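The numbering used here applies: residue 1 is where the sequence shown begins, and numbers increase by one.
No wet-lab data here; the hints were simulated from the structure.
Any given hint could turn out to be false.
To be verified - Listed next, with one range per pair, are the computed distances between beta-carbon atoms: (1) GLU158 <-> LYS706: 22 to 32 Å; (2) LYS698 <-> SER218: 16 to 26 Å; (3) ALA343 <-> THR643: 44 to 54 Å; (4) SER430 <-> THR128: 30 to 40 Å; (5) ARG513 <-> PRO601: 16 to 26 Å; (6) GLY409 <-> MET443: 38 to 48 Å; (7) ASP227 <-> ARG555: 26 to 36 Å; (8) SER430 <-> GLU549: 40 to 50 Å; (9) GLY380 <-> ASP431: 40 to 50 Å; (10) ARG513 <-> ASP391: 47 to 57 Å.
Said to hold, decoys possible - Distance condition first, Cα-Cα at most 20 Å in a straight line; then the derived PhoX-like pairs of lysine-lysine: (11) LYS674 <-> LYS699; (12) LYS645 <-> LYS325; (13) LYS645 <-> LYS339.
Since we're looking at a predicted model, the values are computed, not measured.
We put the beta carbon where it would ideally sit given N, CA and C, even for glycine.
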Amino acid sequence: MFINCREDMYFLRRFPDHAGCSLRVFGRRGAGLKDFCPKKWNSGLADGNMQAMSLHSRQACNLPKEIPMKTMIHVLALIALLAVAGCAGHSRMVDDAKTPVEKTMPPEKIQIQSLDELPVHTYPLSGTVTEMLDDQEALAALRQNMVADLEDDLARYEINDTSTLQGKYSTLAGLYVSAGRYDEALAMLDKVRALEDKEASRLTSGLSTRAYIAARRSLPADAAQADLEKAYGHELAKRVDPLPYGVVQDNIKSSKGRAEFLSENLLRGVVQSQLEPAVAATGELTADQAATIVGIRHAIDHMLPLNPVAARVYDRYLEANAVEKDNIWPAREFTFRDKMGRAPVVVGIWDSGVDVAAFGDQMWVNEGEKIDGTDTDGNGWVDDVHGIAFDFDGIANAHMLHPLGDQEGKLEDVFQYMQGFSDLTSAIDSDAATEVRAELARMSSEEVGDMLTSLSFGGLYSHGTHVAGIAIEGNPFARVLVARITFDYHQTSRPMTYDIARRLAADYAATTRYFRENGVRVVNMSWGWSFKEIEGMLEDNGVGESAEERAKMAREMVDILAEGLESAMAATPEILYISAAGNDDNDVDFDVVIPSNFTLPNLMVVGAVDQAGDPTSFTSGGRNVRVYANGFQVESEVPGGGTMKMSGTSMASPNVCNLAAKLFTVDPSLTPRKVVALIEQGADPNAEHPEILLINPKKTVGMLLK
1 MFINCREDMY FLRRFPDHAG CSLRVFGRRG AGLKDFCPKK WNSGLADGNM QAMSLHSRQA
61 CNLPKEIPMK TMIHVLALIA LLAVAGCAGH SRMVDDAKTP VEKTMPPEKI QIQSLDELPV
121 HTYPLSGTVT EMLDDQEALA ALRQNMVADL EDDLARYEIN DTSTLQGKYS TLAGLYVSAG
181 RYDEALAMLD KVRALEDKEA SRLTSGLSTR AYIAARRSLP ADAAQADLEK AYGHELAKRV
241 DPLPYGVVQD NIKSSKGRAE FLSENLLRGV VQSQLEPAVA ATGELTADQA ATIVGIRHAI
301 DHMLPLNPVA ARVYDRYLEA NAVEKDNIWP AREFTFRDKM GRAPVVVGIW DSGVDVAAFG
361 DQMWVNEGEK IDGTDTDGNG WVDDVHGIAF DFDGIANAHM LHPLGDQEGK LEDVFQYMQG
421 FSDLTSAIDS DAATEVRAEL ARMSSEEVGD MLTSLSFGGL YSHGTHVAGI AIEGNPFARV
481 LVARITFDYH QTSRPMTYDI ARRLAADYAA TTRYFRENGV RVVNMSWGWS FKEIEGMLED
541 NGVGESAEER AKMAREMVDI LAEGLESAMA ATPEILYISA AGNDDNDVDF DVVIPSNFTL
601 PNLMVVGAVD QAGDPTSFTS GGRNVRVYAN GFQVESEVPG GGTMKMSGTS MASPNVCNLA
661 AKLFTVDPSL TPRKVVALIE QGADPNAEHP EILLINPKKT VGMLLK
């Protein structure tokens, strides 16, 4: 399961300034990274399709995505950043493709309708991943096999999904760079850019890789490192300096932050803590894992030494254009000024848990229950004073927040790190950012795994509380009812099983019944499941005899979850469900992402834009995405009484939930269909992308108050 918070990354998934490196460590087989930039978090909740803290990133680039499963900001985002950024360049400059691979071209391409229809590619591994990372001969052979498979896929299959194509093109670009096939690499980068529909991502797509190629071509093969650094800085500045600041500033800030904190120890720590356990379980590499390895090797050999140069280029650009984007959202806000005279509206926060102490009298209360370890009111739920909860196995419990467990005593430091990473990727020179830089510079590769685990926990632990704060902001009549679900925050997540899938499907029905019985009007769902996520969980644990069997199992399990969740939501048509689209910059239909690919009259799927109303680089899309809301650096509560800024569709979704709750507050007789219609009617089209409808709470609520 993933949450859609880029900060969660916080949720993790695609980022950096370099292209072509597919850092998806958890079996996301659609493609490699896109050569533009970060998607800040896809942590496991909705923000992105991300298994918390998984490195599955498909974009290698230059921009900040919602750091988006995304929550992926903090935790997810961090992972994503690490992953993508780490793959920045691509493998070594060795001609790995001197012997062409013979292929037979089919007369007609095979049409691909969804991600699970693509072939599964795996590569045998002798020894450990770390050993392969340091074996140039083995890497050369691996790169050659990867090129053959990717070229064959593109020749044999008609792939109409933009995100999947961009991933394959980006991975090929990186492999071509490694082989010294620069013209072919640039052609692939051009294909990636041509498919990009977001202006900021299009403008920043492949900047670092293009600059690297140009610098290499301008120098003799035996040029000194100092000469390469000078040439690279010149070429990068030549591409960055003319960019329109108002459009690309967020991407450049994220790229600067990554350039400042990435290190060889950090990347090797990612290999040890994430790749080694996953590969040890199967004895082979998936396509995403293979791309991650060659990307990290290239980063270590070629891009990390250039990061200080890149950071200086980005810093000069930011200083020369230090004007922040206009923030359109304050003028659109609607806040109830009166605190009396209207009936409470119950808002369901179906998420990773809520710190009930953070919201005081705005928590929904079951007056017939008391916390005593028994089912006081006889409704079948123990201690459900503020809601219900389920653990990873789908078993009910009474914890509104995830127990601290092995993270006891670490939370304060984790929140500090989360804030520091967020500041770094936003070019904020804070004490927290300084502390994180110092800690990363000191940290050994062996310590990275524990840090990532703690960050993953922090992102998941805070996600639901952060979402709840956004959902009730400015509405004193809103009451939060908690429905907690559980995600595994460890580097190697426990696998999904058929039994767990069936229990979760039953839990979904029980949860929506609970919502109905307690008068919930609107529910926020900043989380989801995907085929890729479940396939990755099986891979990480060596479940199944082959990659093909795992793919089959993953499809069957996601079908069980989808049928259970969709039927549960459909059975409560009087409740409006608001779902985050996710932070993978993908099509939720093609990638099989639930619930955002459901077609239900009482479901509204939300994408993310930034403070200026421009689409974030990380937001997913598809036919179901109805409106867009602010999902970039949104401030809200976290457990313990503090606040934090996070990014992701996980943050955009509760902004729409907030608006829906206010509409129900003004007119309790409204139906979900009518609320959806009002939100869409009151939304304003983005000036450059009229298909993107930006919510306008003041205008929409005003339509009812007239």
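- Is 26 to 36 Å a correct range for the gap between the Cβ atoms of ASP227 and ARG555? For ASP227 and ARG555 the Cβ distance comes to about 52 Å; the hint is violated.
- Query: Is 22 to 32 Å right for how far apart the beta carbons of GLU158 and LYS706 are?
  - Reply: Since the Cβ atoms of GLU158 and LYS706 sit about 51 Å apart, the hinted range of 22 to 32 Å is violated.
- Message: Can you confirm whether the C-alpha distance between LYS645 and LYS339 stays at or below 20 Å?
- Response: 27 Å, violated
- Task: Please work out if LYS674 and LYS699 have their alpha carbons no farther apart than 20 Å.
- Result: Holds, because 16 Å separates the two Cα atoms, which is no more than 20 Å.
- Query: Do the beta carbons of ALA343 and THR643 sit within 44 to 54 Å of each other?
  - Reply: The hinted range 44 to 54 Å is violated for ALA343 and THR643, with Cβ atoms some 29 Å apart.
- Message: For the hint 16 to 26 Å, verify it against the beta carbon of ARG513 and that of PRO601.
- Response: 19 Å, holds
- How does the Cβ-Cβ distance of ARG513 and ASP391 compare with 47 to 57 Å: does it lie in that range? At 19 Å between Cβs, range violated.
- Item | 20 Å limit on alpha-carbon distance, applied to hinted pair LYS645 and LYS325 | 17 Å, holds
- Message: Please check whether SER430 and THR128 have a Cβ separation lying inside 30 to 40 Å.
- Response: 38 Å, holds
- Query: That 16 to 26 Å hint for LYS698 and SER218 (C-beta), does it hold up?
  - Reply: Because 54 Å falls outside the window, the suggested range is violated.
- Query: Given a hinted range of 38 to 48 Å, is it respected by the beta-carbon distance of GLY409 and MET443?
  - Reply: Violated: the Cβ-Cβ distance is about 19 Å, outside 38 to 48 Å.
- Take the C-beta atom of SER430 and the C-beta atom of GLU549, compute their distance, and say whether it sits inside 40 to 50 Å. Holds: the Cβ-Cβ distance is about 48 Å, inside 40 to 50 Å.
In terms of the numbered hints stated before, the structure departs from hints 1, 2, 3, 6, 7, 10, 13, listed from lowest to highest.
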